[in-house]
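Chemist: If you want the building blocks of each chain, they are given just below.
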Amino acid sequence: MSLLEIRGVNVRFGGVTALGGVSFDVEEGEIVGLIGPNGAGKTTLFNCLSGFQPVDAGRMALAGIELTHLRPHEIAALGIARTFQTSRVFRRMTVLEHVLVGRHRHQRAGFWAAVARPGWVAREEAESLARARDLLGLFEDRLLPRMSDVADSLSYANRRRLEIARALAGEPRLLLLDEPTAGMNPHESAAMARLIRNIRERGITILLIEHDMKVVMSASDRIVVLDHGETIADGPPESIRGSEAVVEAYMGRRRANA
Amino acid sequence: MLLSQVVNGLTQGSLYALVAIGFVIIFGTMNLVTFAHGEVYMIGAFVGYFALSVYHLPWGVALLLGMAAAWILGVLIEKMAFRPLRTAGHMPPLLITIGLSIILKDLAVIVFGAENRPVPSVYETTIRVGGISVSVLQLVILALAGALVLALQLLLKATKIGRAMRATAQDHEAAYAMGVNVNRVFNVAFALASSLGAAAGVMVGIYYNTVYATMGATAGLKGFAACIFGGLTSLPGAVLGGLIIGVVENLTVQFIASGYRDVVAFLLMVLVLLLRPQGLLGRKLRAV
Amino acid sequence: MPLHAFVPGRANLRFWLPGVMAVAAVPVVVRSEYVLHVAVAAGIYVILASSLNVTNGYAGLFSFGHAAFYGIGAYTAAILATRLDWPFALTVPGAGVVAAAVGAGLAVPTLRLSGIFLALVTIGFQEIAYLVTLNWIGLTRGPMGIPAVPPPSLLGVEIAGNTGQYYLVLGFDLLTLFVIARIVTSRVGRAFVAIREDEMAAEACAIPTFRVKVLAFVIATFFAGLAGALYAHHARFVSADSFQLDETFVILTMLIVGGMGSLLGPVLGAVLLVVLPEASRFLAEYRGVAYGVVLIAVILLRPEGIAGAPGIIQPLGARIPAEEPAADQAMP
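Chains as they are written, first to last, in my numbering: chain U, 421 to 678; chain L, 87 to 374; chain F, 158 to 489.
Any given hint might turn out to be false.
[What the hints assert, rightly or not] Okay, the calculated bits of chain U under chain F, using three or more residues with CB under 8 angstroms as the criterion:
#, region
1, 495 to 506
2, 509 to 515
3, 524 to 536
[Unchecked claim] A short list of chain F residues far from chain U (calculated; beta carbon distances all over 12 angstroms):
#, residue
4, 190
5, 272
6, 312
7, 335
8, 364
9, 398
10, 399
11, 403
[Claimed, not checked] Chain F is nowhere near these chain U residues, computed Cβ spacing over 12 angstroms in every case:
#, residue
12, 448
13, 457
14, 478
15, 488
16, 489
17, 567
18, 586
19, 617
Keep in mind that the hints were calculated from the coordinates and are not lab data. Computed from a prediction, not measured in an experiment: that's the story for all the values here. Glycine included, each C-beta is placed from N, C-alpha and C at the ideal position.
Make the full structure from the sequences, and use the hints.
Modeler: Here is the structure:
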């Protein structure tokens with residue numbers, strides 16, 4: 421059984437079909453790149469997988485558990501974390517607080533525990549704090565020294581890293597990365613590609629939307645290509661690189677009309 | 087009996103509609119909610135009162151004076167309170183209008199006192215229309231409200247500033263890019279909404295023969311409820327909302343209890359927000 | 158450390174304990190019954206502003222119905238005390254529970270609305286609550302209000318004097334602030350702020366945003382009800398006119414002037430805006446106007462108030478700092 425199963429997912433907005441029966445699997449431990457021209461439906465698919473977009477038809481499952489009608493927080497609680505295309509950080513929270521919030525599902529303290537503060541609450545917080553520092557260390561010296569800075573004061577690239585740190589804090593099984601290198605220079609993008617492989621070493625499966633071909637080709641085990649809401653290719657990077665169908669999709673079918 | 091209550095309701099409702107339209111204009115063009123609208127209505131009513139009771143001017147002149155005063159007030163409020171907060175979202179301006187409404191209401195109580203001021207009657211005759219008694223004043227109010235709404239429609243469809251307002255309401259960044267003086271449009275929109283509210287205030291004073299410093303609070307809230315009920319961005323919705331609230335209020339007074347009269351507007355507003363947030367005639371909402 | 162980040166705890170005892178002791182010493186130093194009465198009022202508003210801060214400040218839910226819950230608490234306590242002879246020790250939690258129950262009842266259908274629409278529903282509820290209170294004569298005696306509410310009493314001892322009530326209210330203030338401080342520095346508090354900052358991202362962090370928003374609302378309305386009970390036993394008379402939209406605006410102004418999203422903010426705002434109008438009697442009937450002016454001035458000049466967390470009511474500009482190169486990047 422694959423970790424993630426997507427079967428015939430169909431999403432329509434008014435008269436427009438955003439996703440027309442998308443199907444593919446992601447195996448545990450894989451890094452799958454999801455590419456395609458703008459408007460192909462990649463982020464829509466992410467929204468379906470994370471529960472923010474209801475599907476009109478089809479189903480999705482994580483390790484056999486139905487995702488299709490779950491609320492976003494329920495899906496996150498099952499172990500799917502994501503980043504967003506337009507970086508959605510908590511602007512007035514500190515870097516450290518972001519990572520602590522990311523660990524929400526691994527802590528139990530609710531209202532009564534917060535007020536009464538039995539011993540286990542302090543232990544829970546201490547453990548989260550330790551893991552948070554650990555996690556921030558993954559990002560070299562970008563985030564750890566800025567632990568107490570509010571997200572609003574971070575540069576754009578650091579905000580994107582922070583989003584990933586927050587997503588990782590939940591110790592997900594599957595991580596959905598939406599254009600993690602958007603707005604980064606080549607040096608930063610290469611570092612991001614390394615980070616992505618690093619994350620996989622920690623046992624996390626990754627589905628990655630990217631426009632930067634260098635990053636996708638170097639980081640992915642497999643690439644799925646979407647165009648106009650349909651999968652037009654699915655295979656290892658070399659096969660995609662040479663695929664005419666993919667080139668056409670990006671170039672807009674100029675050859676067909678020539 | 088029922089029918090005459092309906093006529094009462096339509097008359098009162100048309101005045102709510104004028105206030106509601108003001109909210110729609112402001113929200114539609116500027117994406118802002120104002121709590122000070124009730125006080126502008128009240129100031130218009132007082133200007134009308136002074137014109138009628140103290141200076142014995144004809145009611146038409148009183149109406150125009152009230153609308154003019156509100157126009158000026160609207161221009162000032164927009165320039166001073168809203169312009170500095172252009173990029174602030176809708177909460178800071180909302181809070182500013184709360185402050186303004188407190189100031190205006192308290193100043194009115196200080197200057198005018200809290201008691202009711204009598205407004206002389208205009209058109210005391212009643213006529214029989216289709217078997218029911220209708221006062222000439224009611225017909226005048228209905229006609230006036232209708233005329234103002236029509237004039238507004240004309241302004242929006244056929245004048246340069248009107249088209250600019252509609253463009254700004256659709257997308258103020260695009261309008262700006264196309265050369266529309268968005269600052270001026272906002273200013274005109276606010277002033278226009280204010281003068282319509284004041285028109286309602288003057289006519290309410292004449293209809294009920296009284297004005298008082300705190301009359302703006304409930305009227306503003308009810309007009310707002312009518313606007314929400316009809317659809318925050320829909321002018322016909324605001325008119326429909328106002329009329330429906332007016333009629334239901336009067337029927338409630340007649341058949342249930344007079345104390346619950348004021349509940350109607352808010353109950354309808356809450357129900358609409360829970361069941362159909364875009365209101366009767368509003369379009370599906372984008373994220374606010 | 159900035160004012161808004163101040164959280165009283167064992168570590169910084171030397172900062173806040175003297176302050177609390179000074180406050181506790183007030184009745185010893187000041188013998189005026191009038192001043193003590195004002196202080197009791199300030200104490201009640203501290204609870205109201207702090208509880209409103211939970212929804213409006215921390216969770217970012219703009220509720221405009223707080224005075225309605227204050228009133229529900231006051232009426233509940235008054236009715237329980239005058240009709241059922243409940244003692245103070247029961248009317249106060251009873252008032253809190255009833256207010257919280259109504260709060261939950263309102264929250265569940267309405268918290269899926271966002272921003273301005275939530276604000277409007279709470280205003281609608283505020284108005285409806287006022288009108289129902291005024292008209293449900295069988296329960297509330299309508300416009301006549303409920304008189305002869307007994308003063309507070311603990312363990313059979315009546316606390317009728319202003320001094321005793323001062324300490325009582327101070328005790329409730331400390332309790333309220335204690336609970337709220339514990340909440341906002343916990344996992345729950347982080348969830349509130351996450352929801353305020355970006356609800357979608359919060360959901361993606363496995364936070365059940367709807368449930369958490371309802372929790373914020375229930376906490377806020379419980380303490381509003383508590384404050385209402387204190388008011389009922391202090392003023393010994395409740396009337397619907399004290400709990401209208403105007404009163405919500407007063408509480409909101411205190412919160413904004415003091416500052417939202419911090420523990421100190423509502424305390425400072427409440428104390429300032431109760432004490433200053435009393436101290437400025439020379440303003441006479443212009444006090445209300447001054448209130449409005451202060452509110453506008455704060456929004457325009459210093460939206461975070463005296464001690465509020467910056468950025469809650471503020472232009473969200475798109476100023477993003479440039480990235481400094483990392484240590485491992487070679488300089489050209």
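Chemist: Now tell me, hint by hint, if it's right for this structure.
Modeler: Verification of the supplied hints:
1. 495 to 506: With 5 residues in contact (Cβ-Cβ under 8 angstroms with chain F), the coverage given for the region 495 to 506 of chain U holds.
2. 509 to 515: holds (count 5)
3. 524 to 536: holds (count 9)
4. 190: Answer for residue 190(F): holds, closest chain U Cβ roughly 35 angstroms.
5. 272: holds (16 angstroms)
6. 312: Given a closest Cβ separation of 25 angstroms, the condition holds.
7. 335: violated (8 angstroms)
8. 364: violated (5 angstroms)
9. 398: holds (34 angstroms)
10. 399: holds (30 angstroms)
11. 403: holds (31 angstroms)
12. 448: With a cut-off of 12 angstroms, residue 448(U) remains clear of chain F, as the shortest Cβ separation is near 20 angstroms.
13. 457: holds (25 angstroms)
14. 478: Holds, because the least Cβ-Cβ distance between residue 478(U) and chain F comes to about 21 angstroms, which exceeds 12 angstroms.
15. 488: Holds, since 17 angstroms exceeds 12 angstroms.
16. 489: holds (15 angstroms)
17. 567: The assertion about residue 567(U) holds, with a minimum of 15 angstroms to chain F.
18. 586: violated (7 angstroms)
19. 617: Holds, because the least Cβ-Cβ distance between residue 617(U) and chain F comes to about 17 angstroms, which exceeds 12 angstroms.
In terms of the numbered hints stated before, the structure departs from hints 7, 8 and 18, listed from lowest to highest.
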